[in-house]
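Could you slot chain R onto chain F? The hints should help.
Chains as they are written, first to last, in this note's numbering: chain F, 1 to 168; chain R, 169 to 272.
Source of the hints: derived by calculation from the structure; they are not laboratory data. Hints may contain errors.
[Said to hold, decoys possible] Selected chain F positions facing chain R (Cβ under 7 angstroms, derived; list incomplete):
1. F11
2. A31
3. Y46
4. V61
5. G64
6. L77
7. L95
8. A124
9. S132
10. I133
11. G134
Note that the Cβ used here is the ideal one computed from N, Cα and C, for glycine as well.
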Amino acid sequence: MSLQVALFFLFGIGAIASAIGTITRRNPVAAAVNLIVHFFMLAGLYLTLQAQFLAILQILVYAGAIMVLVVFVIMLLNLGNEEALREQFTLRKVLGAAIAAIFMLQLGVLFNASPSQRYLSPAAASLGTAESIGQALFTTYLFPFEAISLLLLAALVGAIILAKRKVE
Amino acid sequence: MNLHAVPFEWYLILAAVLFTIGAVGVVTRRNAIVVFMAIEMMLNSVNLVFISAAQFLGDINGQLFVLFVMAVAAGEAAIGLAIVLALFRNKRTVYVDEVNVLKW
Numbered sequence: 001m002s003l004q005v006a007l008f009f010l011f012g013i014g015a016i017a018s019a020i021g022t023i024t025r026r027n028p029v030a031a032a033v034n035l036i037v038h039f040f041m042l043a044g045l046y047l048t049l050q051a052q053f054l055a056i057l058q059i060l061v062y063a064g065a066i067m068v069l070v071v072f073v074i075m076l077l078n079l080g081n082e083e084a085l086r087e088q089f090t091l092r093k094v095l096g097a098a099i100a101a102i103f104m105l106q107l108g109v110l111f112n113a114s115p116s117q118r119y120l121s122p123a124a125a126s127l128g129t130a131e132s133i134g135q136a137l138f139t140t141y142l143f144p145f146e147a148i149s150l151l152l153l154a155a156l157v158g159a160i161i162l163a164k165r166k167v168e
Numbered sequence: 169m170n171l172h173a174v175p176f177e178w179y180l181i182l183a184a185v186l187f188t189i190g191a192v193g194v195v196t197r198r199n200a201i202v203v204f205m206a207i208e209m210m211l212n213s214v215n216l217v218f219i220s221a222a223q224f225l226g227d228i229n230g231q232l233f234v235l236f237v238m239a240v241a242a243g244e245a246a247i248g249l250a251i252v253l254a255l256f257r258n259k260r261t262v263y264v265d266e267v268n269v270l271k272w
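Extracted from the complex, chain F is given alone in its bound form (with noise of 0.2 angstroms):
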């Protein structure tokens, strides 16, 4: 079993486990908490598929940024745990369960798929670089990047005005 082997399962499970802690725990920091194992364990799988790229970005932005922003929030309403509803078999859960069954559907299909490329391209360590993703940013992609910049502009000034308190 090569090192690329153990480290997917390591960080495949991981990643499933604090999939599973997040969406289970009553208290909403416990759930943040889970949410963060589970962006790091994210951004290990990205390195055993040599993006190394956006393996730290994947840290910087989620586990830095968007994390933060949650845990602040949830420290603003100070909020305790979650009490579950009183009915038993509501809708959601069914409906829950009638979306994981679906899903788990395509694992059936997945098995059966025989890709084109079953293993790493050769080229995939040159392509996860700062470089080639630079490259490939300010050529192809110049316009959806420009985009991408008015998106989080109207998404601040929408945030600040969302949040901020009325002032009669």
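Leaving out everything else, chain R in the frame of chain F:
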């Protein structure tokens, strides 16, 4: 089974499992912030598919898509949490089943 390298399907299966967990979280949780975190989890599982496709097929485009998904997710986080804050300020609740102002 050859265990010297991880085949493509394993990454896809792992991503499908993570997406499933996220989807179940979205429909089973009441707390809007936890629902939001489950949505982030689903976005991340799609990112994993994009990156593994890019690296297995030797095509950079998948990684660029992940970059854009991350930017949109960051914007979504700011807006979504601002909505939760505004909701809590007006209704004193973050439980999605107690919010029915749009229900006629």
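Which numbered hints does this structure break? Per hint list: 1, 5 and 11 violated.
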